[in-house]
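Peer 1: Each chain is listed here by its residues.
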Amino acid sequence: MLEISQLKVFHGVIEAVHGIDVSVSEGQCVSLLGPNGAGKTSTLSAITGTAKSTGSIRLLGEDMTRLSIEERCRKGIAISPEGRRIFSNLTVRDNMLMGGAMRRDRAALLSEIGEWFERFPILGERAGQMAGTLSGGEQQMLAIARALLSRPRILLLDEPSLGLAPQIVAKIFEIIRELKSRGITILLVEQNAAAAIGVSDKVYILNNGRISRQGAAAEFGDGSDLMDELTGVHS
Amino acid sequence: MDYFIQQSLNALSFGAEYALIALGLAIVFSIMGLVNFAHGEVIAFGGYSMVIMGTLLTNNPFVLMVGVVAACVFASVALERVAFRTVRGADLTTGLLTAFGVSIILQNLFLLFGSPRPIAATQFIFLDRTIAIGSIRVSSLQIYETVTTLLAILALMFFLRRTTLGMAMRAAALDFEMVRLCGVRANRVIAGAFAISGLLAGLACIFIMARRGSVQPHMGFDPVLVAFVACVIGGFGSLPGAVLGGFLLGITEVAVLILLPQSAGGLAHAVVFALVALVLIWRPDGILSPAREKGDKI
Amino acid sequence: MRFLPLNSAQRQGLLGSAMLSLLILAIVGAYYLWGESYQARMLYAVFVNLLVVVGLQVFTGNANITSFSHAAFMGIAAYVAAICVTPIAMKAISLPDAPWGLNAFELSALSAALLALLITGLLGLATGLFMARLTGVGVTIVSIAILVIVHSIFLYRTDIFKGNQALFGIPKIFDLPQITALVIVAIFIARAFRESAVGLKLRASADDEVGARAMGVDVFKVRLIAWVVGTLFFATAGIAYAFYLGTISARPFYFNFVFLTVSMLILGGLRSVTGAVFGTLMISMGLELVRWLETGPVISGIKFPEVLGLSGLLLGVVIVAVMAFLPRGIMGNREIEDFVKRKR
Ligand SMILES: Nc1ncnc2c1ncn2[C@@H]1O[C@H](COP(=O)(O)OP(=O)(O)OP(=O)(O)O)[C@@H](O)[C@H]1O
Ligand SMILES: [Mg+2]
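Residue numbers (the numbering used here), protein chains in the order written: chain A, 6 to 240; chain B, 56 to 353; chain C, -3 to 340.
Calculated directly from the structure, the hints in this document are not laboratory data. Keep in mind the model is a prediction, meaning the values are calculated, not measured. Each hint should be verified, as a subset may be incorrect.
Unchecked claim - Ranges of calculated distance between the beta carbons of each label pair, as one might list FRET restraints:
hint : chain 1 : residue 1 : chain 2 : residue 2 : range
1    : B       : Arg136    : A       : Gly203    : 48 to 54 Å
2    : C       : Met281    : B       : Leu333    : 40 to 46 Å
3    : A       : Leu65     : B       : Val118    : 48 to 54 Å
4    : A       : Gly137    : B       : Thr203    : 32 to 38 Å
5    : C       : Pro83     : B       : Phe181    : 52 to 58 Å
6    : B       : Ile174    : A       : Glu20     : 57 to 63 Å
7    : C       : Arg129    : B       : Arg136    : 35 to 41 Å
8    : C       : Leu125    : B       : Arg136    : 41 to 47 Å
9    : A       : Gly137    : B       : Arg172    : 51 to 57 Å
10   : C       : Pro92     : B       : Gln62     : 32 to 38 Å
11   : B       : Pro171    : C       : Ala88     : 33 to 39 Å
12   : C       : Arg37     : B       : Phe168    : 30 to 36 Å
13   : A       : Glu20     : B       : Met212    : 45 to 51 Å
For each residue, glycine too, the CB sits at the ideal point set by N, CA and C.
Use the sequences and the hints to build the structure in full.
Peer 2: Structure follows, in structure tokens:
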């Protein structure tokens, strides 16, 4: 579904990612793991079009590299970005409406928003409140819901568990698992290697802008042997 | 008492005009960080269009009003296309200077194709009559102006809160990139902002024309400067701030005119601006400044 | 040169300033050899602009924060100097209603100039204390407000400033030699400032404010110093303006002039003093050419029509084009001596 090859990502003159290949098949959940500064967020930014890159990015065989940010979203790429970036000056409901802003089927959109409110009653209770008043965990759920409301073909999640309490983290991964069971394709960036491997089909380890290891999730066990790679310590 | 009501209306109508123009500046600034100094020339363009339509088409003032508003919307959107798209995402200075360059170009085009002297266009003057409400004599134009502005603000609020594009505009003021990540086209949001800004300029143009009865190349510059200062007082980029700043300026101006002895009438502006300076020392970012750091957009 | 306690950048600064001064002297020399007398006025105006643009470079260039209030400071200095230096007898006619005995005293040219520098400098300090605290965008926006405020005071206190009418009868004190000397001194000072410790810190804070703060740079202090120094340049330009023209009015100290000078700086490249000088010279020459076309000249027997508004139009086009295509200017970060070095 998503085929990335020879991807280099640039922030100004800095090259953050040095030519990586990543592929995600339909219905899969693929993890991209790595230490801080490895280039995970940069990779996702290249996919969404918010960072400059070279190489090829194909979604269902179609080249994305020349498309603008919004066109890529319209082709089916949605992201729950690093730092969540919910619209704190909009209400919770309006944030969700922004997620489906490009959709025509308003009735279906409204009923989907209703479903999200049932799934996360806290969001439902606060539908009319400014989203900036939500807690970190609630904001994360809102960000995921917002991304999914655009009915994407692939969902990019950038460290959804960052800074959250263990129960909330568990809940986030429960959601990911459930999304996967509904057939949604996911590219997951995480620091929490064990949990990420647990929900994934395939795993890539990114280090200093290069893929240092990749394989089926089963090959990585519970991720405990990844400690060195993920803390950036090289033997 | 009558005097008080008259002067209040006076203040409100002054403030309304400033607020209309200030809102036009603020909505564009909030979304793309551009201080659009060519906004005044959009107003002047509306005036010149009125002259042309008045000579070629019709003298029916209501048709002309629609024409003026349409001309301003067109001019505003066209400016974005032609001039401001190249500096989208550039820093404040680049945008500001571009806008000023555009403003000079337009003023001189008006000069080249029009005339440095005022050209009469009196079709809207009928709006300005003295009417009596009970024992109070007031200017009808001031009532129209205040009411129209309030309606425009309400309509804008409805648009920003209830429509997807309006919501996207509010969201874009905070995080434009995230709005684009939601699949909303940047061009639509920006064109929308310029269209609204042009619409507000068109309304302001109608009232300015009703008061002046003539057009001149530089007619838009001073109103926009006052509106700019209103935005600074209210907090640049904040829409409620623009409205508040506009009305505060109007009220202060009238209050200063009333309170100062007649002989010092010319000082009104200076006193108003001195008060502005005080406001800025008290709150450098304006009274209702947006919470975030004002800065680069897109 | 080894005995001078200067680092290599500063020594290069001296070299660069000397080269720019030679350029200025060459222009003045060319005028004295071949120029027509009416061009003196033009050249004088270019040099006043040069003082302003070099002064802009001090704050705007080094701090990379655009400010638009310079015309206000220039105007204040021009008016203070003019009012002080104009003879009492003259002021009885030109400023009959002036309050506070402003038309009842007169000062020598030197004391008038010093007083103008002092007052403008104090205003620069007062505004600077406040400006240096703001964010970059805040400075730009508030500086426009200052410009508008000062201009409206000029316009509405007609008893002191005559508004858009001319304040006339100012004795002519300066001529081309004096302004040439001022320009050269200004170039040396601006360049010295750029290479000084304060200038270096300011440029560092412009590139990376957080980093500079972490290195112990007192951003507030260096910005304030640059702001006040810049103000003194504008004051000098204002004084030079008033001391030459014989009359002043509020109109030139406003937006057109502001944006003209800022465009000069940006066209040249705001990070470099050389850029400030080149930008000023280029735009001045271009505009002079257009102004000449505007009057409907006769070129090889053909009389061209008079086109009002052409120079204004072109100024606008130049500004828009520079912003769209050359936002970093022609010099970028380079100074004049960098070219010489590369050739070697
Ligand atoms: N906007 C930027 N400008 C300059 N450099 C950047 C920018 N964003 C990221 N970088 C650099 O690119 C490299 C990769 O950063 P990136 O954010 O992709 O890492 P990451 O793997 O997401 O790390 P983390 O786990 O901390 O989120 C880092 O060295 C970072 O300093
Ligand atoms: Mg990251």
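Peer 1: Check each numbered hint from earlier against the structure, then list the numbers of those it violates in ascending order.
Peer 2: Per hint list: zero violations.
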